[in-house]
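J.: With chain R fixed as given, assemble chain P onto it according to the hints.
Protein chains in written order, with the working numbering: chain R, 1 to 371; chain P, 372 to 771.
One or more of the hints may lead you astray.
Here are the computed lysine-lysine pairs in the DSBU-like style, where the Cα-Cα straight-line distance is at most 30 Å [to be verified]:
#1 R:95 <-> P:589
#2 P:564 <-> R:201
#3 P:588 <-> R:237
#4 P:589 <-> P:716
#5 P:716 <-> R:95
#6 P:483 <-> R:221
#7 R:197 <-> P:483
If the Cβ cut is set under 10 Å, some of the chain R residues that face chain P in the computed set are [what the hints assert, rightly or not]:
#8 97
#9 130
#10 170
#11 232
#12 234
#13 286
These are calculated hints, taken from the structure and not from any lab test.
C-beta: ideal position from N, C-alpha, C; glycine also.
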Amino acid sequence: MALLARTFGRTLMQATAVRSIHTTSAVNQDSGALGGSRVTCTLIPGDGVGPELVYALQEVFKATNAPVDFENYFLSEVNPILSAKLEDVVASIQKNKVCIKGILATPDYSVAGELETLNMKLRRQLDLYANVVHVRSLPNVKTRHQSIDTVIIREQTEGEYSALEHESVPGIVECLKIITSKKSMRIAKFAFDYATKNNRKKVTAVHKANIMKLGDGLFLKSCEQMAKLYPRIQFEKMIVDNTTMQMVQRPNQFDVMVTPNLYGNILDNIGSGLVGGAGVVAGASYSAETVVFEPGARHTFAEAVGKNVANPTAMLLCGAKMLRHVNLPTYSEMITNAVNKVLKDGKVRTKDLGGQSTTQDYTRAVIANIH
Amino acid sequence: MALRYTQRLLQTQVPFLTRGYPLLVTKEKGEDVAHTKSALQKKWTGVDIPSAQYGGRHAVTMLPGGGIGPELMHYIREIFRFVGAPVDFEVIEIDPSTEGNDDLDYAITSIKRNGVAIKGNIETKSQGLDEVSRNVAIRNELDLYVNVLHCRSYPGIPSRHKNIDVVLIRQNTDGEYAMLEHESVRGVVESMKVVTVENAERVARYAFEYARQNNRKKVTTIHKANIMKLSDGLFLEVAKNVHKEYPEIEHNNMIIDNTCMQLVSNPHQFDVMNMTNLYGTIVSNVICGLIGGAGLLSGANYGDHFAVFEPGTRNTGTAIAGKNIANPVAMINASADMLNHLGHKEHARVIYEATYETVVNDGIRTPDLGGTASSTDVVENILKILARKRVNWPQGQYRD
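Same shape as in the complex, but just chain R:
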């Protein structure tokens, strides 16, 4: 009893002492704010409304005074004449380690007859294997479901996107889906590490191993194996068709989801649809060394080009995520808070959220709310 009292007393004392001594004046400022060193970020506007959204993003960055410089590269598959060389873009991202990217349009038929799209090439060259889309309900955006908070983690370098298709005999086309244990382990570990870092409780592996017993079976087995290393995180499996139903019916049951390539793509879009559409969900693609921040659902919204109606929320949130990643959390919060304030007030909103405002008005409203 005495021992208990002593230990408890000490812990208490320690706790108070620690709290009181650790308020140094300098620590509440971000790095960069003092020394004037700046972060360089590669910027790929992308196709469709991308350039307009990126313009909005740069305006907002200017307003926050964030110490970030952009290196602009126009990369496009549908507009090959204007496009920068892929090597240059890759080199820039490798140098800067961070990139913000709009959506690249992917034509159904490639001009050069290649199977691999520009997007896939970029991902493969940088080994951007993990795509993270954080689907979260935004304040005062009316949707079917409330308070959704789900993270979809998608493997995006193999699976159905391996670009291995051939016509073995006329009229028969085979498309290869590649699953490797190495990459499955890697994405599983990414998901569990993400869950650990962000205090998440549960990881759901989405698969179709009842049909593709070997391919998806391997993916599932890798996830199970990795789950053993994370005893404090709940692990469950769900078949992809059921997952899509559950997503639209009861999306709140999901926490972190880890999926192979194509399923992830589908779930990303369902998730985005649940919280307000392609214009409001931010995502990011990670490799070991680099990160590319891009909107979560991949739509170029080409029909709205020049009409000044696109919603820049997703792009602004990408920027906020980027700032957090490079250790500038204060600026990041400035932008997130401003966006949340504008959405909450509900006076200025773009057409996709049922408003009448233009992209420009919305951007101005966000800037006005930056404190």
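T.: Then chain P, alone, in the frame of chain R:
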């Protein structure tokens, strides 16, 4: 089979020490190693875990431990945040008052996942027989076979000797810490000291390799082979064998008692020291005492797969916990070592330099170094210096 084996053993009646031990981990036949591990050593047999590096940021396990650990870890996080080191900590508290080992197991699993950890000293309160020392458990479980302690004098700090620069390479998993003790008859307790060729060789090789890569001239193997002719004899012999592959580096050996005397009278004769487990603790504490106390030096534990960084001398400092007088320098140096290991050399360098400047040039020292400053004074001064020396995200230009 067993009979034949005994017979063969009996036939080879060569005197034990002159028999010569073949080296196991030669560069040509490295793949045989897996079969020759000692039974004591917990092998890491799991799958190859992918590294925890995402988008240039590393995940690192942080075990604050007991005593002053939590305070010091707080400073580390403050400094890391301030220099923008791309590291995310997974903090795992191990409650020293609990009996079970759940937290410890989880901590070890976490280090296996992340590959790298920084830790304070973890108390093992219980004297119970079934409970192993938690620090030793971590080392054994992760097969962290070598402990490296770079002892360098800080000018201006009151100490017996100036300009000491010695690297201690210590076997970290077997030797006296094998934890094999028993009472064979009432009143007689035997404790086993285990020396294995494999571990002795890995350490010796690490020492020579370290010497070669860091332009060191001499390796001294510390032993007590005049008394423990077989066990320490083996350790010494393996070191001599390994030395043959490093002809450009001088190698000598010294008995532990003489070493201690030489250390306090003339420490400058040593360069790199290679030793077994218990001698390592003794020598490291002697040197720490010589250059100004436990609060300065950082140590690193390496295995084939994992690395754990900690303050050089393993004291919890429970008595001074919460008083704001603990010296944060050792832990800060350990964190900079860790950044170096992760490849963030710029960040590591600015932290080293800021710490050095604070302690040496600015003379802001905690009472254990004869100063009057508090822990926060030291940290705040380091932050002030760091504010001048900025590192860009993530490996940008270094500015002064």
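J.: Take the hints in turn and mark each one as holding or not.
T.: Verification of the supplied hints:
Restraint check for residue 95 of chain R and residue 589 of chain P: the C-alpha separation of about 40 Å exceeds 30 Å, so the hint is violated. Taken as a hint, the residue 564 of chain P and residue 201 of chain R pair is broken in the structure, with Cα atoms around 45 Å apart against an allowance of 30 Å. For a cut-off of 30 Å, the pair hint linking residue 588 of chain P to residue 237 of chain R is broken: about 58 Å separates their Cα positions. A threshold of 30 Å between alpha carbons decides the hint, and for residue 589 of chain P with residue 716 of chain P the separation of about 27 Å falls inside it, so the pair holds.
Of the supplied pair hints, the one linking residue 716 of chain P and residue 95 of chain R holds, its CA atoms being roughly 16 Å apart against a limit of 30 Å. Restraint check: the Cα-Cα separation between residue 483 of chain P and residue 221 of chain R comes to about 19 Å, which is no more than 30 Å; the hinted pair holds. Between residue 197 of chain R and residue 483 of chain P the alpha-carbon distance is near 16 Å, which keeps this suggested pair within the 30 Å criterion. Among the interface hints, the one on residue 97 of chain R holds; its C-beta lies about 5 Å from the nearest C-beta in chain P, closer than the 10 Å criterion.
Hint status for residue 130 of chain R relative to chain P: holds, with the closest Cβ pair at about 7 Å, below 10 Å. This hint is violated: residue 170 of chain R has a C-beta 42 Å from the nearest C-beta of chain P, more than the 10 Å allowed. With a cut of 10 Å, the hint placing residue 232 of chain R at the interface with chain P holds, because the nearest CB-to-CB distance is about 7 Å. Interface hint at residue 234 of chain R: violated, since its Cβ lies 15 Å from the closest Cβ of chain P, which is beyond the 10 Å cut-off.
For the restraint placing residue 286 of chain R at the interface with chain P, the shortest Cβ-Cβ distance is roughly 4 Å, inside the 10 Å limit, so the hint holds.
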